[in-house]
Amino acid sequence: MKLRDIAHSRTGDKGDISNISVIAFDEKDYPLIEAAVTVERVKALFREIVHGDVVRYAIPSIGALNFVMQKALGGGVTRSLALDAHGKCLASALLDLEIPDRAA
Amino acid sequence: MKTIRIGSGAGYSGDRIEPAVELAEKGDIQYLVFECLAERTIAIAQGAKLKDPTKGYDPLLAERMQAVLRLCRDKGIRIITNMGAANPAAGAAKTREIAQSLGLKGLKIAALSGDDVLETLKSGGHRIEETGAPVSSLADKLVSANAYLGAAPIVEALKAGADVIITGRVADPALFLAPQIFEFGWSMEDWDRLGKGTVVGHLLECAGQVTGGYFADPGAKDVAGLARLGFPIAEVREDGGAVITKVAGSGGAVTTATCKEQLLYEIHDPATYFTPDVVADFSRVRFTQEGPDRVRVAGATGRARPETLKVSVGYIDSYIGEGQISYAGPAALARGRLALEIVRERLALTGVRTTELRFDLIGVDSIHGSALSTAEAREPYEVRVRVVGRTDSLKEAVRIGNEVETLYTNGPASGGGATKSAKEVVAMLSALLPRGLAKPALDYVEA
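Order-wise, the sequence lines are chains A and B.
The UniProt record's numbering puts the first residue of the first sequence at 1, with every later residue one more than the last.
The UniProt record's numbering puts the first residue of the second sequence at 1, with every later residue one more than the last.
Treat the hints with care, since some could be wrong.
Sample of chain A residues at the chain B side, in silico, Cβ under 7 Å [claimed, not checked]:
| # | residue |
| --- | --- |
| 1 | Thr38 |
| 2 | Arg56 |
| 3 | Ile59 |
| 4 | Val77 |
| 5 | Leu81 |
It is worth saying that the hints were derived from the structure and are not from the lab.
Small disclaimer: the values here were computed from a predicted structure and weren't measured.
Quick reminder that beta carbons are idealized off the backbone N, C-alpha and C, glycines included.
With the rest of the complex left out, here is chain B (with noise of 0.2 Å):
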């Protein structure tokens, strides 16, 4: 039976480049992908191609492919990935120049874009998900609306003889689903068979998780070899079974455990994994060591897609000001809570508009509240206080950084090392469109 071998490149935007290099040399790969764009980082990419036009790729696209490129080239990997982020024409472009620069000639780079939806968000009456309001109640806030596209278009992109695949919003496990369908020649309605390539895309879309990078917990689960984590590879049958493994070699480790950890990772209802693809059920999957860092995944299975795709909007949300500084030696936490009582009374003095407020101690109570780190029974030799707000303004924002900081000379006894810092929030709530109205739109290119 044919079977086909996917690699996960990265993880997420700022992930390690070495063990995409390593899956490339000593993988035995026909795929790479690189998964980098979650909630946050689209938001960010849109806000920097607002700033300027040519950019809103991921800021590691160029550094990621000057590794690989040659070797994947090589080899005849073809390397499907989201790093165009809020701009994939531009991502395409940047890996052309690149191609060229390495001497790569007739290497072809597809752009797939379409799930820019903001202008037919902004028409119609479509509704905020968290929030019940119509799009429309954001006005001049709004910012960004990019669909979850499907993998039908990378699919084409594959089809089309594409070397390399540079998306925008994609649902992470389309991204490894698509060569799947196109090796294998599923049927779109093929819902069982999408259903288990769901869950392969879904194990491998985080990287180092599920090779117990983020696994590991010294004395309860330790993992040798961290430094040197490789990424996973997951070996795939045309009939939808699968075995997740790793380089041998390389550090980490693939076990039953790491993969249920990884199975869970942000999903809601097991048995309801909503993706553009398909209603995925997970609620009967099992796993089976058949080897060392070789765990077999079986029992995925799906039901017809949904007729809605997932919309992330951005918006411009508030603003957050915030200051900190360090107290150290005997009584260190008494001068904290006396800073925080400072800043707080100041703040109120000197009328800084907040909506939102918080005093933290860190290395006492900034994680999860005084009611689960029991502070009265700890005594520190040093803590850090950290104010933070949210404003209507950036004016307002950076007032609270600068209330801390007066600490300085006016507040308690040796405090040091203070920052400060305000910025504009793009935050992000969902939508949900009819999927006929989002138009995946392939472009190629050629080095």
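Chain A on its own, in the form it takes in the complex (with noise of 0.2 Å):
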């Protein structure tokens, strides 16, 4: 399935540093999430557009990752030759993550 089955995601920015959280629909999918959703798989999703180091960060209090990945912006919001120059489209490019099924 889909991570977007089961979670959403905004993203945030801070000079070139982007953040994408991503948070379980179902706080029972959470360690689903967890296992699936790793630095590695981000890191080789965003291996285009992220030129720094990816920090996760789990909140297990509401089900929930954040992403922190450094020299993600292109120099950041002003300074960007994006057409998103902050980087918000690619939270919905992170739900479309192949992740593994619930065990039936």
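Since each chain sits alone in its own frame, please combine them into the complex, following the hints.
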């Protein structure tokens, strides 16, 4: 299944740093998301865009992860050449990630 | 237990006007906060002030004040806003002018300045956070330096009886934290309460984002009434407990899901959220749906505030030149690709000096590049070609757009709708300043 089947997401920006939240619709699915959405997978997905470190923070109290990606916004919103200078569309791209189905 | 209601009247500089009027009319609020200053916005404001010393405050300040001043005066609602941007004094003067034109006598308006630390930062060996280089290495490219001030001077203005408080660069949550500190008499070292008050500010600061606007995603996350989206209200208790809600009957929705998205918006380590007032800890926050459009937030806390203030440093970074042209009909994509190839070759041939170049096919690969867009699998009916580059001078930047425009008569068939632009880029970097070096100052004018 796709990550978007069980999670929602929003992107924020500060300088050249982008952060993407991944939030379980149902908190019962949080362990699945925690296992499937790793730093390695996020790095691989955004290899053309993110040129710095990626750090993952866990917030189990709300069933969410927060990815903080350095050098992700072409120098930041004021100097980026990108059409989406804030990187606001990155959340949708992440939700397209293929993840293992729930165990039957 | 004492409770106050704080409304969020704007989430960014260009935001809608009438949701704030709705809050003032029907929200039963005591405070209306307008958060209108982004990293990018203050750079633009500094540019405006450089050209005209009476400008540099938010471009919609007059329109917003015109819309809410009388209502707020009638209902005793106090206004707190960072619409002063690069020039709080000029913003206060403009507000006074509007109050007088509306016949509002005795309105006390505070202007909070002191966030401008350009001269302080120039002297002394301060360093740029991102690069580690000394601030002085930016030399005459340096245009602005604004420290993020905290809630304390706003609390002082509230104590002095200000009806309207206009600030420049202040940490966004501090605009909302200040009325809580003032009303409940919280200590400036009650880190737990300041953490709780900060999470309230963080949830409210982007206005429509927490009431379901930016949350909406048809099929996955349906939200009703988006054209009439209501802006949020926080109902805060003296002990720091809070409920996020909105005006009954307005569009949008306040749910645990909208609150979770906003909680993590633009934060890094949730356990360590730096503000000038407190290092807030959101890592154990919980949300509970208490009723329709009523979400309780609990579990935020905090630790001692940092000894340094974050400073946004504006500098002239570079120039950006851009050109666009459209192709439509059969083989539009092939003609678009040919157009890009031609411009790439022309820029080299004519010796345009760029430090960075980008070639986009809008509608195909312009957002995340080809790896994620799988451009090969798609054949759009139309495509817009975009070439954009960074240069060291405006003259060179202009040449990029020109090369795209000349495709009109020299390029692939049926190119249409060419546009071009060139601009100077005032970009932002960060520095940390010992907090004692920023000197907040309050000035009052009366209508």
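*What are the numbers of the hints the structure violates, in ascending order?*
1 and 2
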